[in-house]
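**Student:** Here's the letter readout for the chains.
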Amino acid sequence: MGRIIVITSGKGGVGKTTTSAAIAMGLAKKGHKTVVIDFDVGLRNLDLVMGCERRVVYDLINVINEESSLNQALIKDKRCNQLFILPASQTRDKDALSQEGIEKILNQLKKEFKYIVCDSPAGIERGAQLAMYFADDAFVVTNPEVSSVRDSDRMLGILASKSQRAENDEEPIQEYLLLSRYSPSRVKMGEMLSVEDVQEILSMDLLGVVPESQAVLNASNKGIPVILDEQSDAGQAYADIVARYLGEEREHRFIDEEKKGLFGKLFRSK
Amino acid sequence: MSLLNYFRSTKPNSASVAKDRLQILVAHERATRNQPSYLPELQKELLAVIQKYVNVNDDAITVSFEQEDNQEMLELNIVLPEESTK
Ligand SMILES: Nc1ncnc2c1ncn2[C@@H]1O[C@H](COP(=O)(O)OP(=O)(O)OP(=O)(O)O)[C@@H](O)[C@H]1O
Ligand SMILES: [Mg+2]
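Protein sequence lines, in the order shown, are assigned to chains E and U. Per my numbering, the very first residue in the first sequence carries number 34; after that it's consecutive. Per my numbering, the very first residue in the second sequence carries number 626; after that it's consecutive.
By construction, these hints were calculated from the structure, which means they are not laboratory data. Heads up, a few of these hints could be off.
Which chain U residues face chain E? A few, computed with CB under 8 angstroms, are given here [stated by the list, open to error]: (1) E654; (2) R658; (3) K669; (4) K677.
Just so you know, even glycine gets a beta-carbon here, dropped at the ideal spot from N, CA and C.
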């Protein structure tokens with residue numbers, strides 16, 4: 034049976050879609066059959082970040098309304114044959130999402146896929162609640178910034194009370210903190226909340242830190258999940274996150290300021 | 626370098642301000658997260674009843690709700706004025 038991972042945050046624009054694309058590709062590249070679903074109905078963006086926007090024919094709502102089969106709507110990734118994308122609808126709104134419809138699709142996908150990654154829309158309303166309702170694991174994407182941290186905490190409350198696991202009194206959703214757009218230099222200057230600060234406030238285990246990185250924009254410009262940019266800091270951060278999620282031990286990186294240039298290196302070397 | 630650090634640390638550090646604010650806010654929001662939605666209405670009505678008998682201010686009463694395992698507790702706090710009869 035597959036495992037459902039929701040990528041959620043409460044606050045908008047913190048890096049959920051970037052993370053969904055990277056994590057899904059990372060899991061698939063590790064050999065796990067993975068599907069990533071865009072729950073952001075009305076705003077569809079995952080297809081662009083994944084670079085498959087021109088291959089979208091059917092979407093999630095079509096499948097819910099039985100206007101297409103699930104297999105017709107799934108887009109197979111061209112770079113990794115273990116990865117599939119289920120795009121959101123651009124023309125309907127969130128009301129077209131029904132809980133029964135979602136449940137049916139997820140149950141079908143669970144039989145075929147090892148991991149089902151759900152890219153949640155922003156907010157704490159219906160769309161976001163449906164995206165997390167059936168989840169087994171939640172990656173809470175947080176920026177080191179006051180409103181993002183507050184919204185993450187509200188999302189934790191919702192995960193703990195309004196999910197299927199909560200309502201059925203089952204083992205709670207496993208929550209993972211993913212701190213994104215982190216700037217070690219600004220943390221050092223006392224201008225940005227540190228990893229420890231955010232962990233302390235939210236009392237969550239840290240899955241990984243993704244640094245503020247030019248590679249992210251670069252990758253989304255080209256429609257390539259940033260994890261495929263293996264030279265980049267963000268790409269490596271996401272690779273670590275996938276490995277840690279799968280149970281590998283990886284030391285945390287990108288938390289301290291990067292050593293600057295040759296000069297810094299010369300002075301540092303013992 | 627240490628001089629620079631000295632000046633830096635005497636300036637108010639915005640990250641630590643953020644942390645303090647968030648810790649207070651998050652604690653408060655967690656405490657009120659599970660409280661029933663009738664609470665504000667209950668508080669208003671209780672206040673009206675009490676004010677019929679005692680001359681108290683509008684902020685003299687606080688109602689709080691706590692949940693522990695399977696036990697729910699409603700705590701009612703009324704501050705009576707020195708001269709408590711109307
Ligand atoms: N680590 C990062 N470094 C730099 N830029 C980033 C990083 N992560 C995300 N971004 C940028 O932030 C913007 C928002 O990212 P993204 O679309 O992934 O967020 P989102 O949480 O899915 O947003 P929404 O809530 O609107 O769905 C994008 O322009 C993206 O390129
Ligand atoms: Mg998004």
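**Student:** If any of the earlier hints don't hold here, list their numbers in rising order.
**Tutor:** 3 and 4
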